[in-house]
Amino acid sequence: MKRLFIEALVLFMLALMTALLFNAVSPRKIKLFLPKKSEKTVEQTTGVQEGSKGR
Amino acid sequence: MKSANVMPWVSFFIRLIIGLLFIIAALAKISDPIGFFATLMGFRLFPDILLSFLAIFVPWLEFFLGLSLLLGIAYRTASFLLAVLNLLFALAILSVVARGIEIDCGCFGLLTDLLGIPDKADMTAVVRDLVFAAMCLAVFRIRQTAFSLENYYSART
Chain L
265 MKRLFIEALV LFMLALMTAL LFNAVSPRKI KLFLPKKSEK TVEQTTGVQE GSKGR
Chain P
107 MKSANVMPWV SFFIRLIIGL LFIIAALAKI SDPIGFFATL MGFRLFPDIL LSFLAIFVPW
167 LEFFLGLSLL LGIAYRTASF LLAVLNLLFA LAILSVVARG IEIDCGCFGL LTDLLGIPDK
227 ADMTAVVRDL VFAAMCLAVF RIRQTAFSLE NYYSART
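The listed protein sequences derive, respectively, from chains L and P.
Position one of the first sequence corresponds to residue 265 (our numbering), numbered consecutively onward.
Position one of the second sequence corresponds to residue 107 (our numbering), numbered consecutively onward.
The set of hints was computed from the structure by calculation and includes no laboratory data.
Don't be surprised by glycine CBs; every beta carbon is placed ideally from N, CA and C.
Be a bit skeptical, because a hint or two may be false.
As a list, the in silico SDA-like pairs of lysine to any residue whose alpha-carbon atoms are at most 20 angstroms apart [to be verified]: (1) Lys295(L) to Leu193(P); (2) Lys266(L) to Phe246(P); (3) Lys226(P) to Leu193(P); (4) Lys266(L) to Phe186(P); (5) Lys293(L) to Pro153(P); (6) Lys226(P) to Ala239(P); (7) Lys293(L) to Thr145(P); (8) Lys295(L) to Asp138(P); (9) Lys226(P) to Leu243(P); (10) Lys226(P) to Ile155(P); (11) Lys226(P) to Ile209(P); (12) Lys295(L) to Ala144(P); (13) Lys293(L) to Val164(P); (14) Lys266(L) to Ala189(P); (15) Lys293(L) to Ile207(P); (16) Lys266(L) to Leu243(P); (17) Lys266(L) to Leu278(L); (18) Lys293(L) to Ala131(P); (19) Lys295(L) to Ile155(P); (20) Lys293(L) to Leu157(P).
What the simulated footprint calls covered on chain P by chain L, stretch by stretch (three residues with Cβ under 8 angstroms from a Cβ of chain L suffice, anywhere in the stretch; the number is not a length) [stated by the list, open to error]: (21) 176–184; (22) 248–262.
Pulled out of the complex, with its shape left as it was, chain L reads as follows (with noise of 0.2 angstroms):
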């Protein structure tokens, strides 16, 4: 059971420290942290400005 979670953890850690290594020096790389969504991009996907209070 030691050796079964002992061997896990390294697969896990291998894994792990591969998909960072390249993701960080692959062309398509994917950004781990998403910036937050800008006042316009929220203006732009439902059409209502911000602080306006319709008819």
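Mind docking chain P on chain L? Use the hints.
Okay, now just chain P, sitting in the frame of chain L:
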């Protein structure tokens, strides 16, 4: 032939099939991380921050587990983890089917487009993942296997 003599060979052939399958599936996803990210987004199961992490981590985990199974290094641990991973995949696809969302399951990444393999998230995919999970659990249960690096090194020392 006694079943004790056959079982290591059964384990070896399952290792060969599952190992190769997961390495190929992983490489197809690694080559198109943004496509896999979009597929995961379609499941509507994970928050954004977890989504990007899963999109880069899961293919590499599949790759190393497949490689470990194929070479026979820590193959029992790898088979157990792959069984768990397949059960999680089956659950995720089942949730999509239950909610009536029609998407690709993303199991074979770019290969589905290149080879024209049907890869829908439907009950066939759930059954396929459950069969893979059962095969992995069989390797875990059998304990003995033919042609593994682990056995080779333990026999030398």
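Numbers of unmet hints, in rising order: The structure breaks hints 1, 9, 10, 15 and 22; every other hint is satisfied.
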